[in-house]
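Trainee: Protein chains in written order, with this note's numbering: chain A, 296 to 528; chain B, 296 to 528.
FYI, nobody ran anything at the bench for these hints, they're computed from the structure.
Among the hints, erroneous ones may be present.
No distinction is drawn between identical chains; accordingly, a pair holds when it is met within one copy or between any pair of copies.
Here are the computed lysine-lysine pairs in the DSBU-like style, where the Cα-Cα straight-line distance is at most 30 Å [as the list claims (entries may be wrong)]:
#	residue 1	residue 2
1	K478	K347
2	K392	K340
3	K478	K392
4	K348	K392
5	K435	K452
6	K347	K392
7	K340	K435
8	K415	K348
Take a look at the letters that make up each chain.
There are 2 protein chains.
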Amino acid sequence: MDLDFSNITAIGFDADDTLWVNETYFRQAEDEFAGLLEDFETRNKVDQELFKKEMDNLELYGYGIKGFMLSMIESALELSDHRVSTRTIGRILEIGKEMISHRLELLDGVEEVLRGLNGKYRLLVLTKGDLLDQERKLEKSGLMDYFHHVEVLSDKKEINYSRLLEHLEIPVSEFLMVGNSLKSDVLPLLNIGARAVHVPFHTTWAHEEVDPAQHNNSHLTLNRLSDLLNYLH
Amino acid sequence: MDLDFSNITAIGFDADDTLWVNETYFRQAEDEFAGLLEDFETRNKVDQELFKKEMDNLELYGYGIKGFMLSMIESALELSDHRVSTRTIGRILEIGKEMISHRLELLDGVEEVLRGLNGKYRLLVLTKGDLLDQERKLEKSGLMDYFHHVEVLSDKKEINYSRLLEHLEIPVSEFLMVGNSLKSDVLPLLNIGARAVHVPFHTTWAHEEVDPAQHNNSHLTLNRLSDLLNYLH
Numbered sequence: 296m297d298l299d300f301s302n303i304t305a306i307g308f309d310a311d312d313t314l315w316v317n318e319t320y321f322r323q324a325e326d327e328f329a330g331l332l333e334d335f336e337t338r339n340k341v342d343q344e345l346f347k348k349e350m351d352n353l354e355l356y357g358y359g360i361k362g363f364m365l366s367m368i369e370s371a372l373e374l375s376d377h378r379v380s381t382r383t384i385g386r387i388l389e390i391g392k393e394m395i396s397h398r399l400e401l402l403d404g405v406e407e408v409l410r411g412l413n414g415k416y417r418l419l420v421l422t423k424g425d426l427l428d429q430e431r432k433l434e435k436s437g438l439m440d441y442f443h444h445v446e447v448l449s450d451k452k453e454i455n456y457s458r459l460l461e462h463l464e465i466p467v468s469e470f471l472m473v474g475n476s477l478k479s480d481v482l483p484l485l486n487i488g489a490r491a492v493h494v495p496f497h498t499t500w501a502h503e504e505v506d507p508a509q510h511n512n513s514h515l516t517l518n519r520l521s522d523l524l525n526y527l528h
Numbered sequence: 296m297d298l299d300f301s302n303i304t305a306i307g308f309d310a311d312d313t314l315w316v317n318e319t320y321f322r323q324a325e326d327e328f329a330g331l332l333e334d335f336e337t338r339n340k341v342d343q344e345l346f347k348k349e350m351d352n353l354e355l356y357g358y359g360i361k362g363f364m365l366s367m368i369e370s371a372l373e374l375s376d377h378r379v380s381t382r383t384i385g386r387i388l389e390i391g392k393e394m395i396s397h398r399l400e401l402l403d404g405v406e407e408v409l410r411g412l413n414g415k416y417r418l419l420v421l422t423k424g425d426l427l428d429q430e431r432k433l434e435k436s437g438l439m440d441y442f443h444h445v446e447v448l449s450d451k452k453e454i455n456y457s458r459l460l461e462h463l464e465i466p467v468s469e470f471l472m473v474g475n476s477l478k479s480d481v482l483p484l485l486n487i488g489a490r491a492v493h494v495p496f497h498t499t500w501a502h503e504e505v506d507p508a509q510h511n512n513s514h515l516t517l518n519r520l521s522d523l524l525n526y527l528h
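Just chain A, same shape as in the assembly (with noise of 0.2 Å):
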């Protein structure tokens, strides 16, 4: 495993679950949503169909809250056979609107590593989800000032990568990615010859698990973002 990060010029950072919280309040608002439905259907089985009703509608809906929403409204009343009540439908409504305007929290060591490599380093925010929600984010984490550039791609996929690279004109070779999903803030950027570092966070959503027998591609793996700086001049 390379750990000479000498020639790099850029970092990316991934925004959800590396440099504040976000699966949390889906696992608190997926555990509410059980909990309505248990009249109905097992937690576990509420569980499970909601994740595959969320796999079934990403092509139309792409990431984010909003999908989210319409996914547990559409399973209640799948799950319900069109039993649940109105009164239901409308505690969804309100669960995923506290979702949007949940208060922002930063995760350990982001601001001291951020302090420590900026004027250094071509400093990004490369997101997926949805734009209004990540702007509203950027703007609510004070961290701003940090980047040069900031890029809601409306997915993390191999050419989504290649492409932005490419427009900003950034070396892939000189680039490193930092985030806390291997599939779609590691294993991509290594496919095309960049470099990127894993910060796990505790919980990581089922459609972001890979299969370890996946990948063999060596990368560095770091308990805490602010270890980073041992890395990096």
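Based on the hints, put chain B in the right spot on chain A.
Mentor: Just chain B now, kept in the frame of chain A:
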């Protein structure tokens, strides 16, 4: 009114209702929605309340079909005092999904104009709304190759345009915007010193309407997009 566009080097096109049909599908959806709720309220009242709901939710949801679907569901609950059937909620979800996957219908003259300007100007698409939705429509349109840059903005205010032109290194005085919305595609551009051409679509979302008394900047209005070629060489 200065109709000399000889110093223009870059032209931005709005997308919805400028390059392709969009508003028509919202009108059709609103019609069906009003029909679904006619047991509870008059069509006119349903229309009014849905629009109010969309405006209340605009800051939270932004523009696009998913937010429209969520606002329809919330309105249905409120207008019926939660007596609406869950089948109707299911139908609202279907209406939205049909909108998202609707066949794309290019407006008259679009290809002719883009072919005519191709190679002579830097051509951009500047649209607002849902990122994935707009990317999908552009893909379906087959127009991608004409454009040097596509930007999906979370809003189309003066600041959004100024930032983007700066980022793309396009001098404001060399930029011409073309679109169907006075509020979003014309007035903010005139206010920052750029140029703009208005090509009205037969129907305009109430939110995009402006009081004629509010603007006294003169601008060119075209009945057909293809007339644009008469002003650009």
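Trainee: Hint by hint, note whether the structure agrees.
Mentor: Checked hints:
1. Taking CA atoms no more than 30 Å apart as the test, K478 paired with K347 passes inside one copy only; the shortest distance there is 19 Å, against 41 Å between copies.
2. Within a single copy, K392 and K340 get their C-alpha atoms as close as 25 Å, and across copies as close as 25 Å, so both meet the 30 Å cut-off.
3. Taking identical chains as interchangeable, the C-alpha atoms of K478 and K392 lie at most 30 Å apart whether they share a chain (28 Å) or sit on different chains (28 Å).
4. Proximity of K348 to K392 under the C-alpha cut-off of 30 Å is found in both arrangements, the shortest distances being 20 Å within a copy and 14 Å between copies.
5. Taking the closest pair of Cα atoms, K435 and K452 come within 30 Å of each other both inside a single copy (27 Å) and across two copies (20 Å).
6. Proximity of K347 to K392 under the C-alpha cut-off of 30 Å is found in both arrangements, the shortest distances being 22 Å within a copy and 17 Å between copies.
7. Taking the shortest alpha-carbon separations for K340 and K435, neither the intra-copy value of 36 Å nor the inter-copy value of 37 Å comes in at or below 30 Å.
8. Taking identical chains as interchangeable, the C-alpha atoms of K415 and K348 are never at most 30 Å apart, the minima being 44 Å within one chain and 47 Å between chains.
Consistency with the previously given hints fails for numbers 7 and 8, ordered from lowest to highest.
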